Amino acid sequence: MTATPRLIMIGDSFSVEPMESTDTTMTWPRQVAADLGLKFMPLSQHGVSQDWCFHQLRTGFHAIDQITAEDRIVICLTHSNRYWFVQDEPNLSNMHIIGMEQYVSKEKNKAIQGFMQHIQRPQLDTLHMMMRLGWLTSYVTRLGLPNPLILRCFDIDISEAKHYQEISWATGTLFDIQSQEFAETGTQSDQYFRGVDCRYNHITLSNHGILAKKIVDFFQHNLTVDLTQGFIQGLILKDSWKDTDFCAREFDQYRITDMHARPVWSMSKIMKRPSW
Amino acid sequence: MTNKHSTLYVIGDSFSVPPKAEDTTLTWPQQVASGLKEQLGHTVILENISLMGSAQDYCWDVLQQLLEYRIKQDDHIIIALTHPSRFWYLDRMPEMTNSNIIDLDSYVTKDEANAIEYYIRYIQRPRLDLIHINNRMGYLAYQVLKKKLNRPVIMKCFGQDVDQADEWAEINWAKGVLMDDVQQWEFENADADRDAKFWYGLDGRYNHMCLSNHKILADKLIHSLLTDTTPDLTEGFVKGLIKHNALKDDDFVSKELDVATVQSNLEHRDRYKPILPWAKRRKIHTGQVDK
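So the protein sequences, as listed, match chains A and B.
Residue numbers for the first sequence follow this note's numbering, so the first one is 1 and each next one is one higher.
Residue numbers for the second sequence follow this note's numbering, so the first one is 1 and each next one is one higher.
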């Protein structure tokens, strides 16, 4: 039996599925799967760490329906400073999560704060990331898999890993696409959207199509994915969130509704997604 | 003898750390380098970068730099793999990783001690440790494969589960464990309180082994490196050679132990007071449960 080849998508909010399960919007991961004729296997979650993402891959390499050479892997590499603090709450890896104490016990919250203040440091984060990437290349080599495509969500130094022949890196970062969508330089999406970014994957839908095309071109024509150019910039104006047509065209409607319903700047509920 | 030379890199914790600078005793890493030199017919330089009390992260940080800039195809690597629950908490103190260190809290600030304690209690867990071990092994396996290096030998210092170990054909795993299969059987009474009865502080052996067993271990490792076969730590070592009055036997001490450490321990014997390790005083249990 030959299973349908899959697009395995692993990462954080830059590649997560829409919040509402009934939402059929063609986000960039869905578009890539459709254009390549692959079965879409979305494994991204909001706020997760690299450890959690690579654990999904590890499970995928050993599962009954294990990853094969016919599948395609896209990893949206989140920041290396995120840490999988709580086993059953992988979403809580991000130091920027507001009101962490709502989700974990007082003791765990204190542990996370202490870790971040006294133990965590870029050198250690980078070391752990290099080990993950080495582990990945080892598996790709052994299993004879095509190169996974890695898109950096944030500007993190990947050091010697950028020379690994078993990984295809996109140039630039997804964060740059999202920040350049604001017409006013320096606008923070958290402030603009009152706590929860109303864009799908932090990108307006116009740019989803552009990103999807670049990724399809990579898989079909081996073209390097360039995140530094070709995207629409400055399309979110100061009052765009009041523009119903613009919102309908570019944003997640459920989130826009949610944002309007929230009187104060706050965090909305964290949605859990299935893992491998 | 030709002009050719290679390097033996030894990386690990107290099970492989070199003697003090002024001590000329030939411990197992030096014996392995000498044995390789004899068998290979060329100079073998020993680079022992082991550090007492270090964590796996520290070892791999060193290894990463060596792999990037120095280790070549003819070189050999031996890793004494410490326990995965050790964590390189503070950049300035890579040797302060083990919560069983008796006076850990006297070397760090109160805030740092609290952060370490809370990390162990509420964040650290075997499942996370295991993920990190597998990442380190995968990284090493990849480097060995890509750079066509000799297979590194890894000896487990402590019992630990590396669930993907068999998958890394690029790594030569020793059979057995240094702690469980070698060091503890050196005592005539394996159940004795070693610290209170023998050491009064630091372990008086080099690398937690009597020198007779250094020679045996070195021979096994030389054979393993030259033939690319699995070294067996579960048999062939001398057992029960540390008798109850071992420290009063000058011949035994000079032949088998680190004389300076033993003498220092004995001199401070009167002042020795059994102190519970920091973790036990704080009732912290490391690496035991997933939470």
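To be clear, the hints were calculated from the coordinates, so they are not data collected in a lab.
Among the hints, erroneous ones may be present.
One-sided excerpt, in silico: chain A residues whose CB lies under 7 Å from chain B [claimed, not checked]: (1) F40; (2) M41; (3) K110; (4) A111; (5) H118; (6) L127; (7) S138; (8) I167.
None of the values given here were measured: they were computed from a predicted structure.
The beta-carbon is built from N, C-alpha and C at its ideal position, and this holds for glycine as well.
Tested hints:
1. With 7 Å as the threshold, the beta carbon of A:F40 stays out of range of chain B, its nearest partner Cβ sitting at about 26 Å, so the hint is violated.
2. With a least beta-carbon distance of about 21 Å to chain B, the hint placing A:M41 at the interface is violated under the 7 Å criterion.
3. Hint status for A:K110: holds, given a least beta-carbon distance of 6 Å to chain B, under 7 Å.
4. With a cut of 7 Å, the hint placing A:A111 at the interface with chain B holds, because the nearest CB-to-CB distance is about 4 Å.
5. With 7 Å as the threshold, the beta carbon of A:H118 comes within range of chain B, its nearest partner Cβ sitting at about 4 Å, so the hint holds.
6. Annotation: A:L127 was flagged as interfacial toward chain B, and the flag holds, the nearest CB pair being 5 Å apart, inside 7 Å.
7. The interface hint given for A:S138 holds, since its Cβ lies 4 Å from the closest Cβ of chain B, which is under the 7 Å cut-off.
8. Because the closest C-beta pair between A:I167 and chain B is about 11 Å apart, greater than 7 Å, the hint is violated.
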